[in-house]
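Residue numbers (our numbering), protein chains in the order written: chain A, 1 to 616; chain B, 1 to 115; chain C, 1 to 256.
Treat the hints with caution; some may be incorrect.
Unchecked claim - For lysine-lysine, the following DSSO-like pairs were computed, each having C-alpha atoms within a straight-line distance of at most 30 Å:
(1) C:LYS114 / A:LYS262
(2) C:LYS169 / C:LYS123
(3) B:LYS81 / A:LYS587
Quick caveat, the hints were computed from the structure, so don't treat them as lab data.
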Amino acid sequence: MQATHAIPHSGIHEEHHEDAGFWRTYVFSTDHKVIGIQYGVTALCFLFFGFLLMLMMRWQIAHPNAPLPLFGPLLHSIVGDQMAAGVKNAAGSIIGYSITPTLYNSFGAMHGTIMVFLAIVPLAFAAFGNYVVPLMIGAPDMCFPRVNMASYQSYVVGGIIMLVSFFIPGGAAQAGWTSYSPLATSIASHGQTFWLIGMIFLITSSLLGAVNFIATIIQLRAPGMTWMRLPFFVWAQFVTAFLLLLAFPPLEAAGVMQLMDKVAHTSFFLPTGLAVGTLGHISGGGSPLLWQHLFWFLGHPEVYVLILPAIGIVAEVIANNTRKPIWGYKSLVYSALTIGFLSFIVWAHHMYLTGMGIRVATFFQTTTMIISIPSVIILTCLFLSLWGGSIRFNTPMLFVMAFLPMFGIGGLTGLPLGFNFSDLHLHDTYYVIAHFHYIVAPGTIFALFAGIYYWYPKMTGRMMNEFWGRVHFWLSLICMNLIFQPMFAQGMAGMIRRMSDGGANYTAAHNTATGLEVIGGLSDSLIRLHVFILWAAVCLGLAQIPFIINFFWSIKHGKPAGSDNPWNATTLEWQTPTPPPHGNFAKAPIVYRGPYEYSVPGHATDFTPQNEPDKA
Amino acid sequence: MSESQAKSQTHAQPHDEHFSHHVRRYLYVFYALLFGTLITVGASFIPFGSRGANIAVALFIAGGKAFLVAGYFMHLISERKMIYGVLGFTAFFFAGLMALTLWSFADFPPHTITH
Amino acid sequence: MEIPYTTEVRKDTGLYNAKVGIWLFLASEVMLFGALFSSYILLRVGAVEWPYGWLNIPLGTANTLVLITSSITTVMAWASLKMGNFGRFKMYHAITLCCALTFLGIKSYEYHDKFIHYQVDLKDGRIVDGHMEENNKDEIVILGRYAKNMHDVLDLHERKDLAKPAPIKIERSDIAYMENYGPWHNTYTAIYFTLTGLHALHVIGGAIVIFYLWAFGGKMWKSDPERFTNRVEISGLFWHFVDLVWIFLFPVLYLL
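The following block holds chain A by itself, in its conformation from the complex (with noise of 0.2 Å):
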């Protein structure tokens, strides 16, 4: 049956309810749809509120202490004068309102740990896994929906301590959303509790829906559905969750020593000896390496976490509209497998520089040059993936295109840092900043932008706008690049990151005290560029203004899918009805072939269906 509103209701089975009200429906629901969905709207409201803080960020780089347009008076009234300076004219009267370096810091802080934390793992993992997965594996919902629906709350939570720490007196977290100590800690404002507070929820979250994840593959796969038959959008999510489980408990632990730091006064991270009036008598005896390492455990894992997903979205839209295989299966999930397990013993190439000894220096080098193998081996099968297909170039099509050269650039750019003598000189540069957003933007963010594209028709039935799709893609792509192009060149240049006013202090300082005009400072070309890359910046939001229409209007006016599979796809989640219903499918599918079989030889259609079972 044909259902058309985009929230699935009570279908299949009504053995065990009836009508549920609006509350069980779509708030407090375990149907593991309903919750990819709130994931997924919330998530996207973070990662435009975490975009906003970088323009503000952007603005102050370029046009350090000058008033900030349009927001400047609002964000005074939030945030007081301490945060927000009043910026005087001539005559003394204000005229507008500028970001301190100390509400920078803590825009810093709270972009990464938003964007990252409560925007992407939960867009990438939570909702796309929580949609996708039963559907393709063939299962009824996921293993444990009440601890399913106890994880987003759980991050809801944690996403509200989170925003409303902007609030309190001292304002947000400020040490960066690698909250290092003593920073962290000597800090006079709670920014830095609340953060802690949330990330335990956030944790939680993520420990809950991993545990979730895994039990769903492992032990809910439709008969037939072999290991091996998995899509590899499947295989991505099941090494993600594992990442997860794993490698999130000890940054809990390392959050919770923080915490006592910061409220029971305990010294696990502050050294003997340190004078800093805010702290008051500590004990000392504590190590700052100590939370650096329980920090990077996870830190690393996490840009698996935040990459993984997003192949594994590439790797299925590649097939489907190249109408061929993907090449490689299984080299992709060997792959994939050798980057999770080796992804736990590389954390220590985040911390070249703090004086470790050659040893161990170079056993964490080794490892990340290993683990760069099992990357390319990926990138590579993606790329001749291309190859012979008869490649349909629609929206999702172009945003995966653009992911394998923009995550070729990511990644490569990646092997200077990993080494750690050319480390030494670009280690907490603009490099780095450039490195890791090509590949988590034009990356990871292009591929969930297919996705959406992508899966849009079996959530709500319709597709949207192939134009505004078109517009929205070129304007990302031009934009992204020339927004993180130019770090590079600044990075390499030695300007460093986290600076309030874009290096500007510093450059002035030195140039006065040598007299001279460039040399051992930044050169104005270089400082000039902050205001291209804000500009830039300000262009990729407002191309996203299309993106957000078009997601809104097709709901209700896009172009009717006109079938429960318009993409002609052969994985089981465009084997259901549009929505698909409470329960799924009627009855276990059996699956009888493996994920990718497009132009079979023979076959009278260009694509198979994992459930069509063999002809007699």
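Since the structure of chain A is provided, determine the placement of chains B and C on it from the hints.
Structure of chains B and C alone, referenced to chain A:
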């Protein structure tokens, strides 16, 4: 619901008649754990040479007790490969975290002070 | 379509869903406590001097025996259900819950003991170490002893030369600095409170789940006994893990 009787045939757990044999095993493990606790405390008062030796003895006894609890009370000794796999990876990563962190503290350039 | 394998096992894995779920969760808990143990090792190896003998060994031993007892009653409770005996299940888990309460009671006493134990640095350089007996406006009374130096306070290893605790009256005006043995006192108390505190939170959590199954299990036992037995098994696995952590915590914090 009504299928639960049929379902119990496919359950991997031992059937009722064998249970008294299992109960006896649980009791022996309990006695062993009590004994293990007492010798842990006793051994901590015996000097084994160095502090390191005492630590090794205590952790060895603790490891033995942990093996008994995990193996028999948690039925790990007769568990499935899938569970062994998950726990194996966990043990590896835990060991990696501990060993690599400690190594990085121990290996630092000469003439530098770490704390 | 119902979710399969909630009670019957899946053929290729030999497991039912909740068992996979709880072992995955316990794996994450191993990493959590593992990180804290790693931190303990690091902080201790890096410390100039580490306290010894600050915790009450008889109480710690008692707590260990209490948890071991609760472990066997937990597995016996599940075994009783497998043998169809709901009454036995109720009896065994009642003992489990009593053990849990006893453990928490002893732990609370130990925590309280630390919070009333003070180290008082006097202006003339002497140190008084002991429990606060009286806390008046102008003076305090510590039931303790004068310590010769910090080493005297930290290392109570086989100390036969220690003076017996006696009431010592100290004028507040003589006190340079005074602090109790809370988590802020040094990294040993910090890791002690954090490790045992987190462990105690897990004891409380486990006890709440077991209480819920014990008090309200009758209904599910009647309608779906096998599913209920599995739930008891799962909660038991969590409880055994809590016992496992204590098996390592006890020697590490109390004895070594």
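* Looking back at the hints listed earlier, which ones does the structure fail to meet? -> Violated hints: none at all, because every hint is consistent with the structure.
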